[in-house]
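Could you slot chain B onto chain A? The hints should help.
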Amino acid sequence: NAGVTQTPKFRVLKTGQSMTLLCAQDMNHEYMYWYRQDPGMGLRLIHYSVGEGTTAKGEVPDGYNVSRLKKQNFLLGLESAAPSQTSVYFCASSYSDLASYEQYFGPGTRLTVT
Amino acid sequence: QQPVQSPQAVILREGEDAVINCSSSKALYSVHWYRQKHGEAPIFLMILLKGGEQKGHDKISASFNEKKQQSSLYLTASQLSYSGTYFCGTEKRRSQGNLIFGKGTKLSVKP
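Quick note, the sequences are listed as chains A and B, same order. Okay, so the first sequence: first residue is 1 according to the working numbering, each after it adds one. Okay, so the second sequence: first residue is 1001 according to the working numbering, each after it adds one.
With the rest of the complex left out, here is chain B:
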């Protein structure tokens, strides 16, 4: 039931792009993305609902492919501040935010 995130870790230089994937074997209702810096609490990035909606937030955007049950997070022209661990959380049906999180993707952006 736990979504699978790939890659597990990625190292970038400032200005490079990255894609993080979140896949489920079950049909999904929504995908939620969070970022967590070391020693801190997770911070919300965005929610994608069933329907293939794509969202953007500055240079971070995401898509949700309902047919593939996969969401992708796109980080464009990465900045040092993008470093952290990215988690996707999924719902199979509308629930009260009862999310199943993936194990995370650790992103390191170097100068």
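So here's chain A without its partners, still in its complex pose:
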């Protein structure tokens, strides 16, 4: 099993450009999450999904959109990138069972917006 994979690993954007980050998991997890991590800030939840076709806002959703058309994939979109969105983005997934809320994280995408 590959676990959670993220594409791309690195990306540099110019202000105003758009891009989509792809997250894929092969563990048949119901829940998927997108986080951003900035130095000294910990992990902050952007959006999450509890199943195919459903999404919800997290702690810092502004400037991002998401879609979950297939159970195994969770896409994060930046419509008009801003320097404040320079960060490391992590995707995670988990089962819905309360006793198994362990989140499995992908390797991360380092995004720089100039």
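These are computed hints drawn from the structure, not numbers from a lab. A quick note: this is a predicted structure, and the numbers were derived from the prediction, not measured. Hints may contain errors.
As the list claims (entries may be wrong) - SDA-like cross-link-like pairs, simulated, lysine to any residue; straight-line CA separation at most 25 Å: (1) A/57 to B/1108; (2) B/1055 to A/95; (3) B/1103 to A/63; (4) B/1110 to A/40; (5) B/1103 to A/39; (6) B/1037 to A/63; (7) B/1103 to A/62; (8) A/9 to B/1059; (9) B/1037 to A/26; (10) A/57 to B/1082; (11) B/1106 to A/40; (12) B/1037 to A/27; (13) B/1103 to B/1082; (14) B/1106 to A/60; (15) A/9 to B/1049; (16) B/1067 to B/1002; (17) B/1092 to A/96; (18) B/1026 to A/102; (19) B/1092 to A/102; (20) B/1092 to A/40; (21) A/57 to B/1059; (22) A/9 to B/1044; (23) B/1059 to B/1026; (24) B/1055 to A/96; (25) A/70 to B/1098; (26) B/1037 to A/70; (27) B/1103 to A/70; (28) B/1106 to A/38.
Here is chain B on its own, set in the frame of chain A:
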């Protein structure tokens, strides 16, 4: 709403013990602990649910004091491999894993 972790950083010698605390001003339903090594993804350690349950994992254990809204992570006889940043994530109520993470505690274990 963000839980407060203390200390922010700690340096240990191999074999020493450490305690990392995670405190919230709000009532908590659960506390989740993760470790992240530099340049890597966070790795799950354990979940503690409301009820003061204590858990253990090899020489790493944790407790959850519901009355104080505080969780403590105990690292016993630390090894070099314990180095990394430890994060606690909290839920005020049962949610779909919608966690609020603390800023982390950086642990460095020296030989």
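Inset, instruction - Could you tell me which of the numbered hints above are not met by this structure, giving the numbers in increasing order? - result: 1, 6, 8, 10, 15, 21, 23, 26 and 27
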